[in-house]
Amino acid sequence: MMDLLDVFATAGFWAATVRIACPLIFATLGELICERAGVLNLGIEGIMTLGAMTGWMWVYQGGDLWTGVVFAALCGAMFGLLHAVFTVHLGLSQHVTGIGITMLASALSYYTFRMLLPESSTPPKIVPFQALDLGWLSSMPFLGEVLFRQTAMSWLAFACVPVIVLVLYRTPLGLAVRMAGENPVAVEAQGINVFAVRTGAVMAGSALMAVGGAYLTMSAFDAFYFGMVNGRGWICVALVIFASWRPGKALLGALLFAALDAFQVRAQQQVGAFIPYQVFLMLPYVLSIAAMVVMARKARYPKALLVPFRRGDRV
Amino acid sequence: MRLEPREHTPLWLIVTAPLAAVAVSLLLTSTLVLWAGEPVTTAYALLFKGAFGSRFALTETLARATPLILTGLAAAVAFRAKFWNIGAEGQLYCGALATTWLGTGMLEAHPAVLIPALFVAGALAGGIALLVPVFLKVRLRVDEVVTTLLLNFVILLLVNYLVEGPWKDPMSLGWPQAAPIIDEGVLPRLVERSRLHLGLVVGVVAALAVWLTLRYTVWGYEIRAVGQNPEAAAFAGIGVGATVLRVALISGGLAGMAGVTEVAGLKGYLTLDLSPGFGYAGIAVAMLAALHPLGVVLSAVFLAGIYVGADSMSRAVNIPNYIADVIVACSVLSVLVSLMLVQFKVRLR
Amino acid sequence: MSVNTSFSADARASRAGAPVLEVRGVSKRFGALLANDDISLTLYPGEVLALLGENGAGKTTLMNILFGHYQADAGSVRVDGQELAAGHTRAALDAGLGMVHQHFTLADNLTVLDNVALGSQPLLSWRSRHREARQRLLSLATEFRLAVDPERLVADLSVGERQRVEILKALFRGARILILDEPTAVLTPQESEHLFRTLRALVQRGLSVVFISHKMHEILSVSDRVAVLRRGRLVGEVDTARTDRNALAELMVGHAVTRPTVSHLEPGKPVIALEGVGVDTGDGATALHDVTLAVREREIVGIAGVAGNGQGTLARLLSGLARPSSGTLLWRGETITRYSPRHFVARGVARIPEDRHAAGIFPEMSVWENLLNEELRRAPLWRAGHIIDRRACREHARRLIEEFDIRCDSMDMAARLLSGGNMQKLLLARVLYRRPDFILANQPVRGLDEGAIAFVHERLLAAKSRGAGVLLMSEDLDEILTLCDRVIVMYHGRASRALEVAKVTARDLGLMMSGDLDHVPGAVPA
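Protein chains in written order, with the numbering used here: chain A, 1 to 315; chain B, 1 to 349; chain C, 1 to 526.
Hints are computed from structural coordinates only; laboratory data are not their basis.
Incorrect hints may have been included.
Claimed, not checked - Okay, the calculated beta carbon distance ranges per label pair:
hint, chain 1, residue 1, chain 2, residue 2, range
1, C, ASP405, A, HIS89, 35 to 41 Å
2, B, GLU164, A, THR67, 39 to 45 Å
3, A, LEU81, C, PRO363, 26 to 32 Å
4, B, ALA112, A, ARG246, 21 to 27 Å
5, C, ARG231, A, HIS89, 29 to 35 Å
6, C, ARG24, A, ALA159, 52 to 58 Å
As the list claims (entries may be wrong) - Partial list, derived from the structure: chain B residues whose beta carbon lies under 8 Å from chain A:
hint, residue
7, VAL145
8, THR147
9, VAL201
10, VAL204
11, VAL205
12, TYR322
13, VAL328
All C-beta atoms, glycine included, are put in the ideal place defined by N, C-alpha and C.
If we strip away everything but chain A, and leave its shape as in the complex, we get:
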């Protein structure tokens, strides 16, 4: 039992927490932006897969890492645009559109991957983002490993949080996005194009989701394989609710979740003899459900979430 608690004392555990949290941070922030604007984006799982494949493939075909990230983001934004055309402009079911986008983005990712790389026994790899060496910071005991030997993409993930807080709460654009999710009629009454704001938000959010997926293949690991996202997208949807649609809380939620996930992996090694490993693997999903339950009572949904806006729709 004491061995179990010792896990928390190892730097490796905390470093792993950061690493596991990063894709979740990107994707949760992305979904948060979409939902704040009033659109539920269930395409998240597929878009993350797409980001994972496109970013990796760009590098595999000889491209540079950062341009690969940009490429993944653009692909994500494209699918975000597709989602927005259906849900914002045509007012179609956000649930079904999202599932359709997830199916399409995943299927296209797998098809493309298989087309460009026929089956082989050894999965192909790239050289991913390396841990940044920050001189004396990196050689600090404990903190050095946890905080200062992360990749550039990890830094990007954390940097996204204050940027999004700033944009959402301190710029006119952020106010328009928040309003679009609360009362789009109010936005239109002020002469702002609701469709444009919502579409932009969904595209930006989808780009972030794709970057989250790209993190998996370009920073955390170095290969793309089928089923790689493994439900992380859905977990992020739960985390948005847990975070009450606030970016700061989203960061907290992602870290908390990642810590539990990192713990679960290490606990397996210790207690694996008594408890089947599948139980440990179930924990992330069960905990996500628990997170939603915890916040359910107090959840203050953006009022216009899931409500399509029809121009000139007046009672």
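Place chains B and C on chain A using the hints.
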């Protein structure tokens, strides 16, 4: 651009809408075929032939359609009530687990008793899988989309554990699978020397039952009412919570039955790869049928044809069989648009 | 009596200055409906122009065209002599048009300041100028005496306060022409007075006001001129001083308005009664406290009060959707123990929901299926209580459609395609055909045109003559004073005693609606 509701919708429009959607998605996917370097007509001809072009193909397609009919019905019933059950995959596996538990020797009886018992057990297991999401939705207002989705992963891990552990068949030469269903429990074949089994009949009967229920019974009225306007339903005295629960049990039950057909009909035993996404494909089936129970049968056969045909095509030419998933996904999106065009006219300002 | 509908030249000549707003020949068609038919209007600086018309006359469409939400098929709009670019809300706002919408365009979960400041800076500016915005808002508030707290969440504001925010929103954008759409629909008479004072202050500072309403007495008291719309056409433009209620009503409807005859009948025994009833909603504002009232046979009792004072809870209680946490509910003297819509309907309670779209119909179901709503599981429409007898149901529907004059292409048509008036007739048909003993009519004529209003009122009066008791909840004091025998006012979940309508005035009711529930009619307030 504005959408103006149509005064009345002609029947021909309602029928051609899904067909148009499919045509569009085949057209869009043909770009992928061209990328693979194959002429479109040959490729699609191979697809069609592989799906419907021979006795073998036809039986394979119908066998593949069987679970799709049931998961399609599961999605159709749930979506009618605006209960977003995306957990059909997990509910299918629950049905499979129940089948394995009951049908590998626990109950020894005549097929006329055992087979119905398996379906009942499978349906119950599928329904039970939805109890937690329903409770969370009705009592705590927790969205069912994410809960049902996440449960899929949990259930799959449970199956993983059982099949690799306590239920592993010692005689299976190291492959992780459970013990086979006893002879009395195996669903009889409908056509000799094929994989087509009684499950198809069960599926069609279920579709009829769902259709009759929705159209002619109080329950059907209440389900449709709750799906269209829960506030008005509550005002009229319809128990919204009770209706949602009923919908969930029916939907889960249907998906569970799909698990029964795969274990007791197609494979004969439980494996880890029992369902290549039948639960999710059921959503596509339901959407293409515009949530109509009888239409589900047709759209299930069509989608099964796509999958079987794509498999066959990918063996003949160098096109990855993921193309089937692309076609299905495109169809889901395009049917949304075509169903909208059935209800609305598009006006440019 | 004929009304001077000619465009009086000397009236116009006496106005100072050139027109601030000119609408010329605006027309707009939606499919078969001609919503605006060649409308031409002028607005002069410093005046209040009332736009009168019943529901469906085209007022809102015209406003939407002004604001760029729709593009007119023909015609033009000029502001201060400059042509206004069509279809661009921003152009209208920049030109000085400001609108106070009927349904407030405010986001509940955001602060007053956020709501007001939205759109005042270009979208792609780097930072929001919060401090400057707050200063400006507070100075506007002081200047026009519209007190607000910039940091409060809109959700916490009262209806009157929210309207003030709506007005400030327009002023913040520099509106010179303020358009108010049915602003007093949700205000007490006293709050309306406050609004009119505000409008006069605005006008004194050189703003011009367009006041859209269908309430005659307000228009007569606040406006300088009245423009009347009927079926999309402008049918008259008169100076307020030279016209009266009846003339305006006749212009508005197009023919002499016949009000249904309201006869006072001898009330019978109580049908439904509340004694000391309290309902706890967990949200203090809408709970009921110690309510005692009774509705007797052959009478119509009105419930007056600004929305949000417990009427909704009372309606839910009487619909069988809420239980009392204290006190008793009596039906014909017998205590009610089972609270559910089905039990209430079985006893003979007829309920007309407040919002026909939100709680009345199932939009995709056919008209005949919607007519079944109250009948669930009752024979003969249902065999064995579970199976729908489609033939019997359709026959039943056919009879109701005929008796209640529900205009629809066919009974298989989706209910959402019905017009507002016909939808309301469907709701009435569904409950009235069974000759109920008690009718709960919650805002039964909201949003309907005069013809439909007359129909609904006639049916309620017919039910009363037949022996039913009617409880009418209405935000329109006119309706209550014309139709009801007795009236009860609600405020913060409490109910006043029932007063004879013949003995109260709108002013009395207004005082009670603002909190003085024990006010004695005719008494001068302290």
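Hint by hint, here is what the structure shows:
1. ASP405 (chain C) and HIS89 (chain A) have their C-beta atoms about 39 Å apart, which keeps the hinted 35 to 41 Å range intact.
2. The hint said 39 to 45 Å for the Cβ distance between GLU164 (chain B) and THR67 (chain A), and at roughly 43 Å that hint holds.
3. About 30 Å separates the C-beta atoms of LEU81 (chain A) and PRO363 (chain C), a value consistent with the hinted range of 26 to 32 Å.
4. ALA112 (chain B) and ARG246 (chain A) have their C-beta atoms about 60 Å apart, which leaves the hinted 21 to 27 Å range violated.
5. Judged by the Cβ atoms, the range 29 to 35 Å given for ARG231 (chain C) and HIS89 (chain A) holds: they are separated by roughly 33 Å.
6. Between ARG24 (chain C) and ALA159 (chain A) the Cβ separation comes to about 56 Å, which falls inside the hinted range of 52 to 58 Å.
7. A hinted interface residue such as VAL145 (chain B) counts as satisfied when its beta carbon comes closer than 8 Å to some beta carbon of chain A; here the least separation is about 6 Å, so the hint holds.
8. Given the 8 Å rule on beta carbons, the hint for THR147 (chain B) holds: about 5 Å separates it from the nearest Cβ of chain A.
9. Given hint, VAL201 (chain B) at the interface with chain A, is violated; its Cβ is 29 Å from that chain's nearest Cβ, farther than 8 Å.
10. Nearest Cβ of chain A to the Cβ of VAL204 (chain B): about 25 Å, over the 8 Å cut. The hint is violated.
11. At a threshold of 8 Å, the smallest CB-CB gap from VAL205 (chain B) to chain A is about 27 Å, leaving the interface hint violated.
12. For the restraint placing TYR322 (chain B) at the interface with chain A, the shortest Cβ-Cβ distance is roughly 4 Å, inside the 8 Å limit, so the hint holds.
13. A distance limit of 8 Å between C-beta atoms decides the matter here; for VAL328 (chain B) the minimum to chain A is near 7 Å, and the interface restraint holds.
The structure is inconsistent with the numbered hints 4, 9, 10, 11, although it conforms to all the rest.
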